[in-house]
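Enquirer: If you're matching them up, the sequences are chains A and B in order.
In terms of the UniProt record's numbering, the first sequence is residues 1 to 437.
In terms of the UniProt record's numbering, the second sequence is residues 1 to 437.
Check each hint, because a few of them may be wrong.
The list that follows gives simulated cross-link-like pairs (lysine-lysine, PhoX-like), each with its CA atoms no further than 20 Å apart [what the hints assert, rightly or not]:
no., chain 1, residue 1, chain 2, residue 2
1, B, Lys330, A, Lys330
2, B, Lys327, A, Lys327
3, B, Lys330, A, Lys327
4, A, Lys330, B, Lys327
Think of the hints as simulated: they come from the structure by calculation, not from any bench.
For reference, the chains in residue letters:
There are 2 protein chains.
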Amino acid sequence: MTARPETAALDQTEAALTRIAAVDGDIRAFVTVLGDSARAEARASDTRHAAGQSLGPLDGMPFAVKDNIAVAGVPTQSGTLAFDAPATADATVVARLRAAGAVLIGTLNMHEGALGATTDNPFWGRCMNPLRPGFTPGGSSGGSAAAVAAGMVPWTLGTDTMGSVRIPAAYCGLWGLKPTRGRVPVTGLTHLSWTLDSIGPLARDPATLGAVLAVMSGPDAADPMSAVLQGDGALPGTLDGMRFGIPDAAALADCEPVVLDAFDDFKASLIDAGAVLVPTEVAGWSPGALRRAGLLVSEVECAEALGDALDGTGLSDGFRAMLDYGKRAKPGRIARAYQQLQQLAVGFEAAIQGLDGIVLPTAPQRAFAHGDPVPAGQADFTALANVAGAPALTLPLTARDGGLPCAAQIIGPRESDQQLVAMGQLMQGLPPIWRPD
Amino acid sequence: MTARPETAALDQTEAALTRIAAVDGDIRAFVTVLGDSARAEARASDTRHAAGQSLGPLDGMPFAVKDNIAVAGVPTQSGTLAFDAPATADATVVARLRAAGAVLIGTLNMHEGALGATTDNPFWGRCMNPLRPGFTPGGSSGGSAAAVAAGMVPWTLGTDTMGSVRIPAAYCGLWGLKPTRGRVPVTGLTHLSWTLDSIGPLARDPATLGAVLAVMSGPDAADPMSAVLQGDGALPGTLDGMRFGIPDAAALADCEPVVLDAFDDFKASLIDAGAVLVPTEVAGWSPGALRRAGLLVSEVECAEALGDALDGTGLSDGFRAMLDYGKRAKPGRIARAYQQLQQLAVGFEAAIQGLDGIVLPTAPQRAFAHGDPVPAGQADFTALANVAGAPALTLPLTARDGGLPCAAQIIGPRESDQQLVAMGQLMQGLPPIWRPD
Numbered sequence: 001m002t003a004r005p006e007t008a009a010l011d012q013t014e015a016a017l018t019r020i021a022a023v024d025g026d027i028r029a030f031v032t033v034l035g036d037s038a039r040a041e042a043r044a045s046d047t048r049h050a051a052g053q054s055l056g057p058l059d060g061m062p063f064a065v066k067d068n069i070a071v072a073g074v075p076t077q078s079g080t081l082a083f084d085a086p087a088t089a090d091a092t093v094v095a096r097l098r099a100a101g102a103v104l105i106g107t108l109n110m111h112e113g114a115l116g117a118t119t120d121n122p123f124w125g126r127c128m129n130p131l132r133p134g135f136t137p138g139g140s141s142g143g144s145a146a147a148v149a150a151g152m153v154p155w156t157l158g159t160d161t162m163g164s165v166r167i168p169a170a171y172c173g174l175w176g177l178k179p180t181r182g183r184v185p186v187t188g189l190t191h192l193s194w195t196l197d198s199i200g201p202l203a204r205d206p207a208t209l210g211a212v213l214a215v216m217s218g219p220d221a222a223d224p225m226s227a228v229l230q231g232d233g234a235l236p237g238t239l240d241g242m243r244f245g246i247p248d249a250a251a252l253a254d255c256e257p258v259v260l261d262a263f264d265d266f267k268a269s270l271i272d273a274g275a276v277l278v279p280t281e282v283a284g285w286s287p288g289a290l291r292r293a294g295l296l297v298s299e300v301e302c303a304e305a306l307g308d309a310l311d312g313t314g315l316s317d318g319f320r321a322m323l324d325y326g327k328r329a330k331p332g333r334i335a336r337a338y339q340q341l342q343q344l345a346v347g348f349e350a351a352i353q354g355l356d357g358i359v360l361p362t363a364p365q366r367a368f369a370h371g372d373p374v375p376a377g378q379a380d381f382t383a384l385a386n387v388a389g390a391p392a393l394t395l396p397l398t399a400r401d402g403g404l405p406c407a408a409q410i411i412g413p414r415e416s417d418q419q420l421v422a423m424g425q426l427m428q429g430l431p432p433i434w435r436p437d
Numbered sequence: 001m002t003a004r005p006e007t008a009a010l011d012q013t014e015a016a017l018t019r020i021a022a023v024d025g026d027i028r029a030f031v032t033v034l035g036d037s038a039r040a041e042a043r044a045s046d047t048r049h050a051a052g053q054s055l056g057p058l059d060g061m062p063f064a065v066k067d068n069i070a071v072a073g074v075p076t077q078s079g080t081l082a083f084d085a086p087a088t089a090d091a092t093v094v095a096r097l098r099a100a101g102a103v104l105i106g107t108l109n110m111h112e113g114a115l116g117a118t119t120d121n122p123f124w125g126r127c128m129n130p131l132r133p134g135f136t137p138g139g140s141s142g143g144s145a146a147a148v149a150a151g152m153v154p155w156t157l158g159t160d161t162m163g164s165v166r167i168p169a170a171y172c173g174l175w176g177l178k179p180t181r182g183r184v185p186v187t188g189l190t191h192l193s194w195t196l197d198s199i200g201p202l203a204r205d206p207a208t209l210g211a212v213l214a215v216m217s218g219p220d221a222a223d224p225m226s227a228v229l230q231g232d233g234a235l236p237g238t239l240d241g242m243r244f245g246i247p248d249a250a251a252l253a254d255c256e257p258v259v260l261d262a263f264d265d266f267k268a269s270l271i272d273a274g275a276v277l278v279p280t281e282v283a284g285w286s287p288g289a290l291r292r293a294g295l296l297v298s299e300v301e302c303a304e305a306l307g308d309a310l311d312g313t314g315l316s317d318g319f320r321a322m323l324d325y326g327k328r329a330k331p332g333r334i335a336r337a338y339q340q341l342q343q344l345a346v347g348f349e350a351a352i353q354g355l356d357g358i359v360l361p362t363a364p365q366r367a368f369a370h371g372d373p374v375p376a377g378q379a380d381f382t383a384l385a386n387v388a389g390a391p392a393l394t395l396p397l398t399a400r401d402g403g404l405p406c407a408a409q410i411i412g413p414r415e416s417d418q419q420l421v422a423m424g425q426l427m428q429g430l431p432p433i434w435r436p437d
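Whenever a hint applies, use it, and build me the whole structure from the sequences.
Expert: This is how it looks when you write it as C-alpha cells:
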C-alpha cells in the first residue's frame, strides 16, 4: 500500500466510468451504471486508506454484477423487462463485497433469464465480445465477461447454472470460478434453478477470483443451502505430483479441432510441470443427456420461481415458451431428471477420489458470430460441476491459430475452491495460458 | 464354532419352517416360504462348516426379505397382485447374503407398495404384531418385523423410505437400521422412491444388524447411487464423552406421553453412562412439511417406477389414487418438494457437525389396533434420516406402564453406520432398553 495515490479508488472508479462511456455503446455490457453512488463509495474508500483503515484487498476496487443479482434501489431484471421494481436490499454477496470496500459500478447485461449462452438480449441489446466485434461474449453472464475483457472494470460477478460464468469467461479470454454449491449464498439472486445456480467471479487473473471468493463465502441464515462450509484445507505450493483426471477421447468427440489442440498443449504443459494425468471416467456421464436433464430442471424451477411474472409482459416469446414447457412437463420426466442429477453427483464423487481435479475443455468451441447457429453443446462440459455441486475454475488457453482464445476448466472436490485458485496461480506461467495483448 | 452340531444350519432352518407353519396363519408375515431351497442351502452350509470352510458369521443363519426385494424365481409383488412374473435374478443384497451363506427362508408381507405404515394388506392379509394380537406391526416392513418378533427367523430385510424399517422395528420391540444412502445397493428393489429408499436389516440385537450390514455394503455397478463408500472409521468403545444432539420439547409436542417418558428415561441413562446431550435444532425441519414433501416425491417417483402396471389390475383403489395424484402433480410443486429435501439435507449436515448422533423417538406413538384411525405423523421423526441420506439405528425402550415397547433412534453422520451399531452394543445394557420376555 506504499505510494498509493490519495485518490486511487476514485481514480479507478472514474477510469471505469470513462471507459464505460467510451466503449459500452458498442459492447452493451451494462444495464445500469451507478455513477453517483460509485463515486461516493470510492471516496469513502480513499478516506479509509488515508486513515490506515483499509478493509482489505478489495477496498476501493470497482466491480459490477450481473442483472439477476439484487442491488438495493435498482431493478433486478434478470435480462427481461418483467421486473421493474427496485430491489429493497442488496443480495448477500453484494452486501458482503460492499462491506469489504468494493465499489459497485453497476449491473450487467445477460442472456434473458440466464437461460441461454449468447447474450443476444432482446431488451438490453446484443452484447459484444470485446475480443472480436460482432461475436458473442458467451452467456448467460455475457455482460460480466465483456465488461472485464473490455477493460471497464477489473472483475465482475456472474451466475453459473450449467456453465454461465465459465462459458463467457472462456469466450472472452478470462478466468472464472463457479464455487462449491452452498459456499457462496444466493440470497438476492433471481433463480434460474435453485438446484444448480451458483454466483461466481470473473477476472483477468486467478488471485482476484480468490480474493472475491473469500469475501463472498460463508453461511447466510437466509440461504438454507449455505449452512455448511468446511473451510479451506492446505493450499498447493507446486504442480509437481498433483493428480488430474482427464477424459477419454470419446468424451471430447464433439470439440472443435482448435479446442482439442489447445487442450493437448495444456495437458502437455501440466506434465512438464510434474503433474500426473490419470484417465478418468465419470460413471454415467453423458453430456447431452445431462444437458437435457439440467435444462428441464431449470425450466421447471425457473417457471416456479418466476410465478405470476410469467403471465405478464416483458419476456420474449422464446423464453416464455421454454418456461411454459417447464410448467407442463410430466411429473415422471421431472423426477427422472432429478434422478439423473443425483446419480451423476455420486458418479462425480467417486471419480474425483484421489484426484486434485478433473481437467476438461470449458466449451467445445470458441466464441462465434452473433446470428450464427447456436451450438447445442455449449454447456456440455460445464454442467457437470453444477450437478456435482463442485467448484470449477476456467482458465484461458492460447489457440494454435493465434485467433480467439480457447479454455480449460479444472473441476475440484467439493470445498476445494481456494485450492483451485492456488492451482490457477501455479498454472498462470505455463506457456499455453492465453494473455491479452 | 466349537461344539457346533453337524446339522446346525439345517436345524435352524427346520425350526424356522416349523415355527412359520405353527404361527404364521395368525401373524401373516410371510408371502412366500421357500422350504426346499432353504433346506438345500442349509445343508450346503452344514457341509461347509464340517469342512472348516465357514463363510463367516451369517453362514447357515436363516433370514427372509420384504416382498419388494427380488428373489430369483419368485414374484416380487411389493405388496400388490400386479407383478406375478418371477424375478429373473436376486437383488444384489440377496445375492451377497446368499454368497455369505445365509439361508433364505422366504419373502415377507408389507404395506401395499411400501406406501403406508400399518401392513393391513388387502391382498396378503392383515399382518399382526406378535406382541399383541389385533395390533399393527407397523410398516411398511410389517412382515419383516413380525417374522422376527414372532421367532420365525432371527433377522430380516426391510426397506425404509420415510421410516419403513424403523417404525415396524419400534412397534415390535426390535432393533433396526436404515443405512447411509448408497452404502447398500438397491439393485433389484421395486422402488417406492429412488431418492429416499434404503434396504436395511431388523433383528433382536445390534450385533446382528452390523454383521448383515457388513455383507450387504459396497458399490454395485448396477446402482449408480452406490458408487462411493468411504469405509468405516474407528468404532467407539465407550459412551463416556459421546455427544448426542437432542431436539427441543416443541419438536416432540405430538408424542404420546408414554413415548416421552420412555425417551426421558433413555436420555437419563445416556447421561448416567457419561454421554453429553446437546440441545440441537435442525434448521428448517418441520416434521409435517417434510412428511408431505417426502410423500409427494414418493408418489411421483413410484408412479414413474411402476409405469404401465398402474393401468392394470392388482392394485387397491387407495394405492392407485395416491399414485394418480403423483402423476398429476404440478411441476412447480414437485420442484418445491425436491427443494425442501435438498435444503433439509444441508440443515442436517450442519446440525450433526461435532455430534456422534442426533437422538429422537422413533415414532410419536406405540403400536395401535388394526382398524383404529391411523396417526398422520407416524413417520414424522424417521423421514429426517432418509432425506439427509444419513444412517439411523432404532432401539427398543421399556414403557413405564409395562405395556408395548417404545423406541428411540440415533441418526448419525453419513457413513457412520457401523459406529451406530457399536453405540447400540454399548447401549444394549442400559436399563431402559426393552427386552422380550
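Enquirer: It remains to establish, for every hint, whether it holds in the given structure.
Expert: How the hints compare with the structure:
1. Lys330/B - Lys330/A: Roughly 8 Å between the alpha carbons, so the hint for Lys330/B and Lys330/A holds.
2. Lys327/B - Lys327/A: Holds, because 14 Å separates the two Cα atoms, which is no more than 20 Å.
3. Lys330/B - Lys327/A: 8 Å, holds
4. Lys330/A - Lys327/B: Answer holds: Lys330/A to Lys327/B is near 8 Å, not above 20 Å.
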